[in-house]
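A.B. asks: The chain contents come next:
2 protein chains.
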Amino acid sequence: MTEVQHQKWWGWGVEGVTFTHDNKPNFAPFVLDKVGLDLSLGGTPPPRFEDLEVPAPRLPDALADELRAAVGETHVVTGDMERVVHTYGKGISDLVRVRAGDLPRVPDVVVYPGDEDEVRAVVDLADAADAVIIPFGGGSNISGSLTPEPGETRPVVSLDMGRMNKVLEIDETSGLARVQAGVLGPDLEEQLGARGWTSGHQPDSFRHSTLGGWVATRSSGMQSDRYGDIADITRGLRSVLPGRVVSLRPLPSTSTGPSVREMIIGSEGRLGVITEVWIHVHRLPEKRLVVAYLYQSWGSALEAMREISTSDVHPSITRVSDPAETQFSLSTQKAQTGIKGKISTGIFDLLARRGWDLDQVCLSYVGYEGSPKHVAYQRRAVGRIVGRHGGIPLGTGPGALYDQKKFDTPYIRDFLLDMGALADVSETAAPWARLRGIYERTVTAARATYDALGVRGYIMCHLSHSYHSGACLYFTFAFPADDADGAAPPLEQYWQLKSAIQQSFIDGGGTLSHHHGVGTDHAPWMEADISEAGVELMVGLLGSADPHRRLNPGTLLPAHREW
Amino acid sequence: MTEVQHQKWWGWGVEGVTFTHDNKPNFAPFVLDKVGLDLSLGGTPPPRFEDLEVPAPRLPDALADELRAAVGETHVVTGDMERVVHTYGKGISDLVRVRAGDLPRVPDVVVYPGDEDEVRAVVDLADAADAVIIPFGGGSNISGSLTPEPGETRPVVSLDMGRMNKVLEIDETSGLARVQAGVLGPDLEEQLGARGWTSGHQPDSFRHSTLGGWVATRSSGMQSDRYGDIADITRGLRSVLPGRVVSLRPLPSTSTGPSVREMIIGSEGRLGVITEVWIHVHRLPEKRLVVAYLYQSWGSALEAMREISTSDVHPSITRVSDPAETQFSLSTQKAQTGIKGKISTGIFDLLARRGWDLDQVCLSYVGYEGSPKHVAYQRRAVGRIVGRHGGIPLGTGPGALYDQKKFDTPYIRDFLLDMGALADVSETAAPWARLRGIYERTVTAARATYDALGVRGYIMCHLSHSYHSGACLYFTFAFPADDADGAAPPLEQYWQLKSAIQQSFIDGGGTLSHHHGVGTDHAPWMEADISEAGVELMVGLLGSADPHRRLNPGTLLPAHREW
Numbered sequence: 001m002t003e004v005q006h007q008k009w010w011g012w013g014v015e016g017v018t019f020t021h022d023n024k025p026n027f028a029p030f031v032l033d034k035v036g037l038d039l040s041l042g043g044t045p046p047p048r049f050e051d052l053e054v055p056a057p058r059l060p061d062a063l064a065d066e067l068r069a070a071v072g073e074t075h076v077v078t079g080d081m082e083r084v085v086h087t088y089g090k091g092i093s094d095l096v097r098v099r100a101g102d103l104p105r106v107p108d109v110v111v112y113p114g115d116e117d118e119v120r121a122v123v124d125l126a127d128a129a130d131a132v133i134i135p136f137g138g139g140s141n142i143s144g145s146l147t148p149e150p151g152e153t154r155p156v157v158s159l160d161m162g163r164m165n166k167v168l169e170i171d172e173t174s175g176l177a178r179v180q181a182g183v184l185g186p187d188l189e190e191q192l193g194a195r196g197w198t199s200g201h202q203p204d205s206f207r208h209s210t211l212g213g214w215v216a217t218r219s220s221g222m223q224s225d226r227y228g229d230i231a232d233i234t235r236g237l238r239s240v241l242p243g244r245v246v247s248l249r250p251l252p253s254t255s256t257g258p259s260v261r262e263m264i265i266g267s268e269g270r271l272g273v274i275t276e277v278w279i280h281v282h283r284l285p286e287k288r289l290v291v292a293y294l295y296q297s298w299g300s301a302l303e304a305m306r307e308i309s310t311s312d313v314h315p316s317i318t319r320v321s322d323p324a325e326t327q328f329s330l331s332t333q334k335a336q337t338g339i340k341g342k343i344s345t346g347i348f349d350l351l352a353r354r355g356w357d358l359d360q361v362c363l364s365y366v367g368y369e370g371s372p373k374h375v376a377y378q379r380r381a382v383g384r385i386v387g388r389h390g391g392i393p394l395g396t397g398p399g400a401l402y403d404q405k406k407f408d409t410p411y412i413r414d415f416l417l418d419m420g421a422l423a424d425v426s427e428t429a430a431p432w433a434r435l436r437g438i439y440e441r442t443v444t445a446a447r448a449t450y451d452a453l454g455v456r457g458y459i460m461c462h463l464s465h466s467y468h469s470g471a472c473l474y475f476t477f478a479f480p481a482d483d484a485d486g487a488a489p490p491l492e493q494y495w496q497l498k499s500a501i502q503q504s505f506i507d508g509g510g511t512l513s514h515h516h517g518v519g520t521d522h523a524p525w526m527e528a529d530i531s532e533a534g535v536e537l538m539v540g541l542l543g544s545a546d547p548h549r550r551l552n553p554g555t556l557l558p559a560h561r562e563w
Numbered sequence: 001m002t003e004v005q006h007q008k009w010w011g012w013g014v015e016g017v018t019f020t021h022d023n024k025p026n027f028a029p030f031v032l033d034k035v036g037l038d039l040s041l042g043g044t045p046p047p048r049f050e051d052l053e054v055p056a057p058r059l060p061d062a063l064a065d066e067l068r069a070a071v072g073e074t075h076v077v078t079g080d081m082e083r084v085v086h087t088y089g090k091g092i093s094d095l096v097r098v099r100a101g102d103l104p105r106v107p108d109v110v111v112y113p114g115d116e117d118e119v120r121a122v123v124d125l126a127d128a129a130d131a132v133i134i135p136f137g138g139g140s141n142i143s144g145s146l147t148p149e150p151g152e153t154r155p156v157v158s159l160d161m162g163r164m165n166k167v168l169e170i171d172e173t174s175g176l177a178r179v180q181a182g183v184l185g186p187d188l189e190e191q192l193g194a195r196g197w198t199s200g201h202q203p204d205s206f207r208h209s210t211l212g213g214w215v216a217t218r219s220s221g222m223q224s225d226r227y228g229d230i231a232d233i234t235r236g237l238r239s240v241l242p243g244r245v246v247s248l249r250p251l252p253s254t255s256t257g258p259s260v261r262e263m264i265i266g267s268e269g270r271l272g273v274i275t276e277v278w279i280h281v282h283r284l285p286e287k288r289l290v291v292a293y294l295y296q297s298w299g300s301a302l303e304a305m306r307e308i309s310t311s312d313v314h315p316s317i318t319r320v321s322d323p324a325e326t327q328f329s330l331s332t333q334k335a336q337t338g339i340k341g342k343i344s345t346g347i348f349d350l351l352a353r354r355g356w357d358l359d360q361v362c363l364s365y366v367g368y369e370g371s372p373k374h375v376a377y378q379r380r381a382v383g384r385i386v387g388r389h390g391g392i393p394l395g396t397g398p399g400a401l402y403d404q405k406k407f408d409t410p411y412i413r414d415f416l417l418d419m420g421a422l423a424d425v426s427e428t429a430a431p432w433a434r435l436r437g438i439y440e441r442t443v444t445a446a447r448a449t450y451d452a453l454g455v456r457g458y459i460m461c462h463l464s465h466s467y468h469s470g471a472c473l474y475f476t477f478a479f480p481a482d483d484a485d486g487a488a489p490p491l492e493q494y495w496q497l498k499s500a501i502q503q504s505f506i507d508g509g510g511t512l513s514h515h516h517g518v519g520t521d522h523a524p525w526m527e528a529d530i531s532e533a534g535v536e537l538m539v540g541l542l543g544s545a546d547p548h549r550r551l552n553p554g555t556l557l558p559a560h561r562e563w
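Top to bottom, those sequences are chains C and Y.
By the numbering used here, the letter at position 503 of the first sequence is numbered 503, and the numbering carries on one by one without gaps.
By the numbering used here, the letter at position 286 of the second sequence is numbered 286, and the numbering carries on one by one without gaps.
In case anyone wonders, no lab produced these hints; they're calculated from the structure.
No experiment lies behind these values; they were computed from the predicted model shown.
Worth double-checking, as some hints may not be accurate.
Pairs count within a copy or across copies, as identical chains cannot be separated in the list.
To be verified - Taking lysine to any residue pairs in the SDA-like style, the calculated list, with each CA pair at most 20 Å apart, reads:
1. K373 x L32
2. K373 x V313
3. K24 x I343
4. K24 x T332
5. K342 x S329
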């Protein structure tokens, strides 16, 4: 046993927290209308863990003894539950497979080192024993980065960083903190906040992902417009490889050849175990506001977002939902009238009288931080841009509610899975000129796939993370799997859809992922994204660092490029 | 012959442009006072090119014929002048050596491809012939990145990118331009400016360096606070390696594993020849101002700079000189009284009456861009910070003059070299908390070295390029070499000084270079900067891409890490 708390083996978050639509009267009608799923019929809960057939660990006794000597008896765990929790991330594919007891290769042991010396010992022991090492943070990955290769014959060690969760020091003059990589988002912010600081990093997975995981997968957060992506936030780090440690001191910028920092960022365990990170930290802002806006159309909303990105002001959050996601958001509003934050239906009556097509309305959130004066200055500047594009402000009430609920969406996916519907997300980034094309292409591809599968599906999107030259498009899609006799298995249906969406990103000039990483799921598109010669450079880098493929093998690269 | 214009073989810039102090009455007294050099004695001009002994080219006939067939007769040059110009960059070491006719290994041929297909042909031909390829942009490198290894026995091809100087397309929606890598700074800005755009990138070398060179060495510019370092500006690129091309599409951000873009940025020719770059471009700002300020001390100036960097506003330029550089700047002012831009001595009388120690005064420039309203908003905010730290504004006159003269400093170095004085620059970047320590350590080390050498030397510094967590410190140093009988050769004296300064950077927690690259000069500090294991990753990357060391071998890595 260990003190490290894990997510549910079968779904998102910790036991006891789930999605409910009891108090959201519009949700069930919305789902029935859009995908034909009758929520009143009730769903199938996950199986009991006891009913899974978990393969026995194949851990050589000598290695087990050595690991126990290195990190202590209680921090070497071979129980079924811990090993299953460490087998998968939380993509829909992971959840379907684990609920089905599909466990072709489960880690043989979960090890919880307490400091970097113990990490070094574990890595060296595993290396000497020809074992595979898979670093594990919060287990929230949705790209297949955490799962052992199914045919792996060597011992598999899941190296859980959960005990290494301390802010070690804060350089208050420079705005830099040295932090152990295993810290979860809320814990990090609590430790920083106690001294008046914040990292500002808020990925959707914030509550259940770690700093090391963010770095290893090139994470981005809702406030990255202001605070930067994790690649910007990370100024130095340490990564443990067999027999050596890459140590990069914190530097604001440097001209030291190909960036080793940028090699380890995104390396998903293939360049060692990240133990410490020097991150940017910022004083908690004097004032922080999230303001909601409505636009008449997706096209005008995208144009407004682009204009904001090239303006003199720099909001902390720039986000706008397409009409489909706007309607979904409204369907999840709570029942009470008059609740602070609710978007009143009255406003829609008013807009309809003004001639707005309510099916095309797009809901946007823009965040502002800084001194009260600076917040006001930015809000006025953005307000003028929104107005020029025909949008209207809704004030701070809905924004405050968005801010409270922003981490809750993944729970809906588990609920829908109980109901037999598969829901997942895919995101890309592309130049501004490409976004509309990628959007149309992706929605069309999804609809064509739903038609080909004979299912009723939904796809919705938001723009977030604005940059000078482009932005991220984040798609959420869901469909009740065809369970008729002779239909393909649900996951095959899902992969057909997911593949069509990924291909649309690439064909439209976008990247295979803006911030979810590559894993195994996105690896087939790597050569199309960064070119064959680009993958060849990566193979050279990874292969020279890990010639025997002991460091999380199988992730990042298409299978035919493994050595 | 070719249409590509080159810098002087013996110094900075093009023939006919030189530094003169005829109209700068304070300069000669300043130099006499600080380093004991009497400028009235006149200097020794560079030797005549005809007096150099240039080794004959060793180019196999077959390769010569193939190269001519690939790029055309006129674009394959083996003349002495062109080969010597392509032997060195423009560091003081380069200039001393080339003036002395120290030419142990000169490229055997200079090739000027006209497009990427020709680059591919040249690279493939050189590779097949076991020749070395050294990409050449503007030749302004000051870190030793351009010089063939002295013992190189294989043919050496200098691949000059000067004909590939076109802006190929501008994506006006996204603010992205696709540009050939051989374009010089002024040419780039002229082509962009004709359509209302700017890259905003203004390194000191702007007039004589190329986009490809900037990318290959991790360049930064005076306005990088606003426009980003070249690593930020570069969103996509193409690099030609033997038999293949790495092609990275323009993306605002991506999560595709270790960043191949960030591997090629800074690669100094070791990962191929960069042929095209997708860069950020910005609309020419409505308003642009550079305002001068004075501070009472270096300490208060650094504190003010730090506070600006954490404030709500983001100037385009943040620069402040230490007292030594401030005094140097004043010594180079022109004679006429009343000239717009001149810093009046009257202000110093006034400050002295206010109790300022004039020996401690620090001159600062801060740049503002955007709408007139935004420029005013930022200027007010910075003005408040400056005032809180006891500084005073001098208005826009001196700033405008600084803006005009900002690229001229390197010419002074050639003038001083004629006079027997060696002048050069070294820059670092470090967290804010480290800057003062690095400054003290570096100045102390330089003075101790001057003492040990028995010379009178000068060292001065400015802070520029502010980031959230730190800034760049840029040192300029000069001394008349000891030419007494038995004294070490001037370059040995120089290396003693340069090494002491570099070591101070590392010991103080800074990087070996902020934006000048590694080359051969800084390579000995690579392991201290990015750790032995970090260099090992780099060796793996470079070695797998270029197992036979044909791509600019010898740069980036300490000699004992070459394969």
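A.B. asks: Take the hints in turn and mark each one as holding or not.
C.D. replies: Here's how the hints hold up against the structure:
no., hint, verdict
1, K373 x L32, "neither (47 Å within a copy, 52 Å between copies)"
2, K373 x V313, "both (13 Å within a copy, 12 Å between copies)"
3, K24 x I343, "within (14 Å within a copy, 69 Å between copies)"
4, K24 x T332, "within (6 Å within a copy, 73 Å between copies)"
5, K342 x S329, "within (11 Å within a copy, 61 Å between copies)"
The structure fails hint 1 only (numbered hints given earlier).
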